[in-house]
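**Student:** Using the sequences and the accompanying hints, generate a full structural model.
If you read the sequences in order, they're chains V and X.
For what it's worth, numbering that gives the first Met the number 0 labels the leading residue of the first sequence as 0, then goes sequentially.
For what it's worth, numbering that gives the first Met the number 0 labels the leading residue of the second sequence as 0, then goes sequentially.
By construction, these hints were calculated from the structure, which means they are not laboratory data.
Note that CB positions come from ideal geometry on N, CA and C, so glycine has one too.
Derived DEER-like restraints, expressed as beta-carbon distance ranges:
hint: 1; chain 1: V; residue 1: 201; chain 2: X; residue 2: 280; range: 34 to 42 angstroms
hint: 2; chain 1: X; residue 1: 90; chain 2: V; residue 2: 179; range: 41 to 49 angstroms
hint: 3; chain 1: X; residue 1: 285; chain 2: V; residue 2: 345; range: 39 to 47 angstroms
Each computed EDC-like pair below joins lysine to aspartate or glutamate, with the alpha-carbon atoms no more than 20 angstroms apart:
hint: 4; chain 1: V; residue 1: 128; chain 2: X; residue 2: 238
hint: 5; chain 1: X; residue 1: 31; chain 2: X; residue 2: 177
hint: 6; chain 1: V; residue 1: 196; chain 2: V; residue 2: 15
hint: 7; chain 1: V; residue 1: 128; chain 2: X; residue 2: 287
hint: 8; chain 1: V; residue 1: 128; chain 2: V; residue 2: 212
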Amino acid sequence: MLYREAGQFKTTYAADQQVFPIRQDRIAVAALLVVAFVGVPLFANQYWLSAILTPFLILALATLGLNILTGYAGQLSLGTAAFMAVGAFMAYNFALRLPWMPILVSFMLAGLCAAAVGIVFGLPSLRIKGFYLAVATLACQFFVLWALQRVGWFTNDSASGVITAQKMVILGYTFESPADKYMLTLCVVAVLAVLAKNMLRSETGRKFMAVRDMDIAAEVIGIRMMQTKLLAFGISSFYCGVAGALYAYAYLGTVEPEAFNLDLSFRILFMVIIGGVGSILGSFMGAAFIVLLPIFLNTVAGPIEHLLGITLPSGLMSNLELIVFGALIIFFLIVEPHGLARLWQIGKEKLRLWPFPH
Amino acid sequence: MNWQFFVEVLVSGLLAGIMYSLVALGFVLIYKASGVFNFAQGAMVFFAALTFVSLVERGMNFWIAVVVTLAVMVVVGIAIERLVLRPLVNQPQITLFMATIGLTFVLEGLAQLLWGSQPHGLELGIPDVPIQWLADNANINISQFDVFAGLIAGALVAGLAVFFQTTRIGRALRAVADDHQAALAVGIPLRQIWAIVWAVAGFVALVAGLMWGARNGVQFALTFIALKALPVLILGGFESVAGAIVGGLIIGASEKLAEVYLGPYVGGGIESWFPYVLALAFLLIRPEGLFGERRIERV
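**Tutor:** Set out below in structure tokens:
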């Protein structure tokens with residue numbers, strides 16, 4: 000009844016081709032943005048801002064990056080965290096060596112560095128695909144972390160390997176409180192998400208999808224394989240690099256190689272799977288799901304413990320978390336291989352008919 | 000650079016490579032029979048080793064513990080077939096791969112939930128000391144344990160080869176590996192075969208777990224050796240048992256040699272990524288690995 004596009008006529012091509020062609024969608028997105036930009040900073044407390052919402056946005060950005068590569072261009076990567084690490088460390092170095100530069104510029108330059116690394120490690124994708132490529136990207140994961148730990152220039156010869164991130168300063172304003180950091184992250188994520196959305200419905204995005212669906216056929220119809228695959232790696236790594244810089248600066252507050260281990264790569268891959276392969280909305284949903292799941296499990300465990308009058312050892316909890324996590328992945332793959340985004344879509348279809356059956 | 004030292008490094012590398020091969024073998028078995036790239040093999044190794052060591056520590060006889068662990072692994076294999084693979088039949092390979100990543104988490108969590116997460120020592124009764132004869136006569140230090148592990152791996156490969164080549168089930172396995180549908184058409188029970196393959200992979204995981212456990216202790220780090228088996232796989236090719244062995248030897252030897260002779264120049268610790276880069280460089284020349292099947296692609 001509410002969600003129905005009947006009566007919305009398009010009279011111009013521009014109106015027909017806009018990102019959200021249905022008015023209700025536009026209203027919903029606008030409302031969401033208002034909540035995110037105005038409501039959340041006003042009403043959310045420190046814990047929510049710094050421990051849940053900021054990491055959620057950052058991980059959503061990384062997920063988006065991986066989704067461009069895996070979901071749209073069809074190249075499986077297990078080296079996401081390495082690209083993030085490149086972003087974080089290059090941002091650190093830019094901020095260290097060019098302190099007058101606004102931090103956002105450092106982040107973007109760091110993203111470009113990550114893109115360059117991504118392109119280098121994307122080169123094998125021209126020859127190999129599938130599992131072989133997945134393993135090849137693991138090489139990136141290990142090599143990059145090793146290089147960051149061994150080459151003194153990256154860490155500015157820090158003895159401990161854990162560096163405190165510099166303050167984020169843009170034109171004299173320092174982003175320090177959780178709300179500041181949240182707003183900065185939100186702005187970056189929002190802009191990059193809009194760019195991604197538009198890129199993926201442009202020629203570039205369609206090329207990616209052609210390569211994903213069948214690369215030989217794509218080549219036959221004249222899509223340049225090298226250009227397209229490397230572009231996918233580059234753009235994806237750019238997103239991951241920026242996410243990595245934000246992860247270090249706006250969330251952790253430290254720049255350290257250990258934060259970007261293989262585990263993070265897997266977590267981001269799971270966000271892609273659970274959220275929905277090849278969906279921007281799905282990237283956000285997947286990130287929200289994986290960020291909230293441990294918190295949810297802990298919250299549920301409390302009352303259960305209370306009810307049974309026992310205390311679960313913390314080791315047990317973390318193992319249970321692992322099991323639930325893994326089981327959920329399998330469950331999602333079996334029940335809904337297209338993830339939460341697909342469920343959302345089905346929900347919308349249902350909503351169009353509601354409350355009438357036909 | 001003296002030659003004794005070189006031989007020492009080379010042989011220890013080769014023997015370490017055999018240990019990688021043991022893990023890679025589990026991957027190959029499952030990939031051959033079902034086309035699933037089983038990322039959970041490392042977790043299976045960990046699960047098997049932890050189960051075994053916990054049983055022994057609770058006072059169970061060595062051989063009974065082996066049998067019980069084997070039974071557990073068979074049950075795990077069948078459960079995986081029933082709960083994970085069967086609902087995912089006909090899905091793209093990448094989906095199955097991701098499902099096994101999920102499986103990794105479940106197995107790791109389950110193992111530690113059941114047996115606790117503290118590291119255990121594992122004693123197989125073979126001391127990790129240099130072979131006296133070689134040390135005396137040629138001045139080369141090669142661990143007795145490594146040689147023993149090599150022999151076990153050799154026996155395992157030979158056993159598997161016989162199993163694959165001569166037994167009825169082995170032939171059925173090869174048929175399934177060649178073509179699922181054709182195998183079904185001639186009356187091979189696919190589900191049963193998959194359960195058997197996963198059980199055999201569980202057995203291989205147990206052997207690998209015992210070897211690695213005795214070497215490094217049974218602890219969570221055991222799951223990472225699966226990652227070391229991956230370059231072995233891409234070097235040797237996913238479909239080839241021989242490839243797993245040869246790849247393992249190459250990776251083991253080259254990583255040790257690189258660490259010793261190349262490491263000092265670049266700051267050491269290159270063991271973590273050298274195998275991958277080696278395998279990667281190799282893939283650029285031959286994308287299907289040493290013994291992998293050449294893909295023919297059509298539009």
